[in-house]
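Chains as they are written, first to last, in this note's numbering: chain R, 1 to 106; chain F, 1001 to 1210; chain X, 2001 to 2592.
Hints in this document: simulated from the structure, not taken from any laboratory. Bear in mind the structure is a predicted one, so any value in this text is a computation, not a measurement. Hints are supplied without guarantee of correctness; some may be wrong.
Using C-beta positions, here's what the derived DEER-type ranges look like [claimed, not checked]:
1. R:L47 x F:I1097: 41 to 51 angstroms
2. R:L53 x X:S2394: 42 to 52 angstroms
3. F:G1174 x X:P2016: 54 to 64 angstroms
4. X:R2487 x F:R1172: 55 to 65 angstroms
5. X:V2485 x R:V74: 23 to 33 angstroms
6. F:I1119 x X:F2038: 44 to 54 angstroms
7. R:L96 x F:A1099: 30 to 40 angstroms
8. X:Q2017 x R:V78: 24 to 34 angstroms
9. X:V2485 x F:I1119: 43 to 53 angstroms
10. F:T1155 x X:R2128: 14 to 24 angstroms
11. X:V2326 x R:V23: 52 to 62 angstroms
12. R:V23 x X:G2317: 21 to 31 angstroms
13. R:L41 x X:V2485: 24 to 34 angstroms
14. F:T1155 x R:L96: 25 to 35 angstroms
Beta carbons are placed, not taken as given, at the ideal position from N, Cα and C, and that holds for glycine.
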Amino acid sequence: MNASAGHAASPAGMSWFLKVWAVLLVLTGVEIFLAYEELPLHTMLILLMGLSLIKAAMIVAYFMHLRYERTSLVWTLVPATIFVLLMMNVFFSDSLRIVRLGLFLH
Amino acid sequence: MSELEVAVTGGQEIWQGGESPYAIPSKKLGMWLFIVSDSITFGAVLFCYAYLRLASPDWPTPFRLASIENATIMTFVLLSSSVTMVAAVEAAKAGRIAASVRWLGATMLGGVLFDILHIREWLGLIHEGLRLGQNPWGSGLFGAAFFTLTGLHMTHVTIGVIYLCIVAIGFRRGKFTSDDVEISGLYWHFVDLVWMFIFPLVYLLSARIR
Amino acid sequence: MHDTSKQTAEHHHSPPQGFLWTHVFSLDHKVIGKQYYFLSLAAVLIGMILSWLVRFHLAWASVAIPGLQHLSQVGAPGGIITPEYYLSLLTLHGTLMVFFVLTTAPQAGFGNYFLPIQIGAEDMAFPRLNMLSFWVTFVGFVVLVSTLFVSDGPPISGWTAYAPLSAIGSDAGPGLGTGQVLWVISIGIFCIGSLLGALNFIATTLDLRAKGMTLARMPYTTWAWFITAVLGLLAFAVLLPACVLLALDHLGGTSFFIPGGLVVSDKLQPHSGGSTLLWQHMFWFFGHPEVYIAIIPGLGITSHILTATARKDLLGGTRVLVGCMVSIAFLSFMVWGHHMFISGMNPFSSLVFSVPTLIITIPASIVTLNWIGTVFGARLRLHTAGLFAIGFISVFVTGGLSGFFLAQPSLDIYLHATYFVVGHFHMVMGVAAIFGMFAGTYFWFPKMFGRMMSEPLGKLHFWVTFIGVYCIFMPMHYLGLAGNVRRYSAFVDDYLAPLIPVHKFITISAFVTGAAQLLFLFNLFWSMYRGKKAEENPWQATTLEWTIPSPPPFDNFGGRHPVVYRGPYEFGVEGTPDDFVMQDSPEQPAKS
Chain R
1 MNASAGHAAS PAGMSWFLKV WAVLLVLTGV EIFLAYEELP LHTMLILLMG LSLIKAAMIV
61 AYFMHLRYER TSLVWTLVPA TIFVLLMMNV FFSDSLRIVR LGLFLH
Chain F
1001 MSELEVAVTG GQEIWQGGES PYAIPSKKLG MWLFIVSDSI TFGAVLFCYA YLRLASPDWP
1061 TPFRLASIEN ATIMTFVLLS SSVTMVAAVE AAKAGRIAAS VRWLGATMLG GVLFDILHIR
1121 EWLGLIHEGL RLGQNPWGSG LFGAAFFTLT GLHMTHVTIG VIYLCIVAIG FRRGKFTSDD
1181 VEISGLYWHF VDLVWMFIFP LVYLLSARIR
Chain X
2001 MHDTSKQTAE HHHSPPQGFL WTHVFSLDHK VIGKQYYFLS LAAVLIGMIL SWLVRFHLAW
2061 ASVAIPGLQH LSQVGAPGGI ITPEYYLSLL TLHGTLMVFF VLTTAPQAGF GNYFLPIQIG
2121 AEDMAFPRLN MLSFWVTFVG FVVLVSTLFV SDGPPISGWT AYAPLSAIGS DAGPGLGTGQ
2181 VLWVISIGIF CIGSLLGALN FIATTLDLRA KGMTLARMPY TTWAWFITAV LGLLAFAVLL
2241 PACVLLALDH LGGTSFFIPG GLVVSDKLQP HSGGSTLLWQ HMFWFFGHPE VYIAIIPGLG
2301 ITSHILTATA RKDLLGGTRV LVGCMVSIAF LSFMVWGHHM FISGMNPFSS LVFSVPTLII
2361 TIPASIVTLN WIGTVFGARL RLHTAGLFAI GFISVFVTGG LSGFFLAQPS LDIYLHATYF
2421 VVGHFHMVMG VAAIFGMFAG TYFWFPKMFG RMMSEPLGKL HFWVTFIGVY CIFMPMHYLG
2481 LAGNVRRYSA FVDDYLAPLI PVHKFITISA FVTGAAQLLF LFNLFWSMYR GKKAEENPWQ
2541 ATTLEWTIPS PPPFDNFGGR HPVVYRGPYE FGVEGTPDDF VMQDSPEQPA KS
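Here chain R stands alone, though its shape is the one from the complex (with noise of 0.2 angstroms):
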């Protein structure tokens, strides 16, 4: 069994993807630096969450190639992830109370 046509291999090619990981490290040196900003919590978790985002989007995309295969493949795979991790959000809705109630945990 052979590669199918239709994605052999990446209509990009080797230097395409070295741009990718050339991006990741400069996203990944960005990163670091606002780690060394010793930003506020809150922003630096917004922050470092969207650059993961980008970067995770970017490896999904190229390295794994989702980009070049059928659209129906990402609709399959994609949403209900998200959609999982999304709904997990919910639970910060006691991980704070308990902060805000002063409940000590010690």
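Starting from the structure of chain R, add chains F and X where the hints point.
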């Protein structure tokens, strides 16, 4: 096809049975499904970590410059091993078996190097007093979350190295195809992807560089 | 293009040889399906016996059960169950039933057997993974049952294993040390087996459909197994890390779920910082989709059998049923907090959870109304399978109605952890799913074993069971409203003592109903060897499983690749000799 089905699938014949509607081998779809499930697993552990951290007023931030440097090198190694993996897949698809196996070897080396740096880091932290249940700096949950998350990830890396080894040997012998190399690549990139979240959320948010 | 029809062909050029490869480590989805089915049967028998012990104790708390002291000297000295052992037995009952019966037989049992056949495939997409999934599940079962025989028995923390009781260890009570760790290991192993199985089902349904088998032409059961598999893939992924974290609290000295300052059994626990609510969130995030995993295959099986019973397609057809199942699956990830209304969680969350909980009743009601609309005015062929399918509607409605009450936080404050809840979930999940399993068994037995089950015995089994489950579980709603708390082993409070006669009635009903299941067991095993030989299509149904011999050959379709020309439930088609047309029959121009 019914109207609704046309609306959902675009009326494409590829959805009418007899072939994979995604035009990929089933085992590749299987690996993607595994990745969906495993990302939710890692996501759940990350949510637990975030939950507990947000609820703890005494969360320590013990990572000094040396730790961050080490973690940065680990990140660089893992990202680079992803690139060598891509090269391996490209070579495999082009039929260059020997080159592909060499790139797979490079990827495995990256994974092993990652593991070594990681264990060294663990040993250092344990020497400083970090344990699963307690540490000298603050909430005992820091060690629990740290070791669980990174331990889970390191297990995945190690399994990945073994997996790549099996694929490399099998590919060289002609037992496996370029599809199998590609599928192992998916797993490897996923492991890298998880680290893209662990590095900032665990290391950088607990850093005290200055 | 990936022609997947040849994908599993490599495995099936010739049938395997040798006992080990044909009966133990078989890659044949039909054998694996039967293995899961019989594993579930063993689990349900143990679970039922455990329920008898529990029910007996509730009705006659001071009467000894002869011989029980040999199972546990500490738990049942002189044959009388201690309060702690009561909880141990209850925990094992719940865990076995929910995981190894309700999650296993309808999905992994029937699904494994019939999904490939219904889509026209030779086997699952990953036969070796399938075999592994079964044996992994089997190991999980053995580990769970082993808790009965080790140390101080099964954990007392319930199938829900709430922290901190489940996380502290043996200081908190019997079974919470070794027993709880074994429980966690067992469930963790079960998660892995389920995840691998779910992966297999999804890939098979998407990739291995025969030519002409569009998604719209898939039978209701295939859709149900597919949607359930998607739920399983997403939900078990959360239970697995929860189990790992709980295990670490036991074995690693962590405090994920244990807050500080706990004094248990006069000992200050060496833990701090954790959150018991976190366990509940993680558990129920899995736990709610899990109950839909338990019931959606039953929805599919009931719908599937009703078409053959009523000799017409379901009212609303595929698009309504599938639309409802998909809505239920989607919403199931948004309602988990309704198990936590009185847990002390953020009260605003209660509102946020109760709204989708009420919304989820809508697709469930639509499905139910469609069933009733299908049965209404139809010339029913009331074989046993049909009776159980119609019985499913009844118990599903009964169990579902009490859900409306529990969905409101204001009412749930009173009803939570009472017998009202016990009655609710047993009816809507336990009994309904069991009816689905019975329906499936009576319907598909001829195909699986090549013989017919006894109809008279089946009908007797149905009527005693149907009346019996109402006798058992309806009074529980009354008990709950009267304030009867669940998971109590004895009722000594003055407001509970008058309810004991009700408990006695329930217990006696439980014994009678349980005895009736012997009818089923006898019928099942006797018919395997002595039943009348079955033809290819004894129920005159339309889907692909009825186009192959009973029992099917090892590669299902005898080497041919079926082509599908029509929808799955073409009954009452004009101009045909019988009142139905098979899915793969091209004679007339196909309806869409």
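Which numbered hints turn out to be false for this structure? 3, 5, 7, 8, 11, 12 and 13
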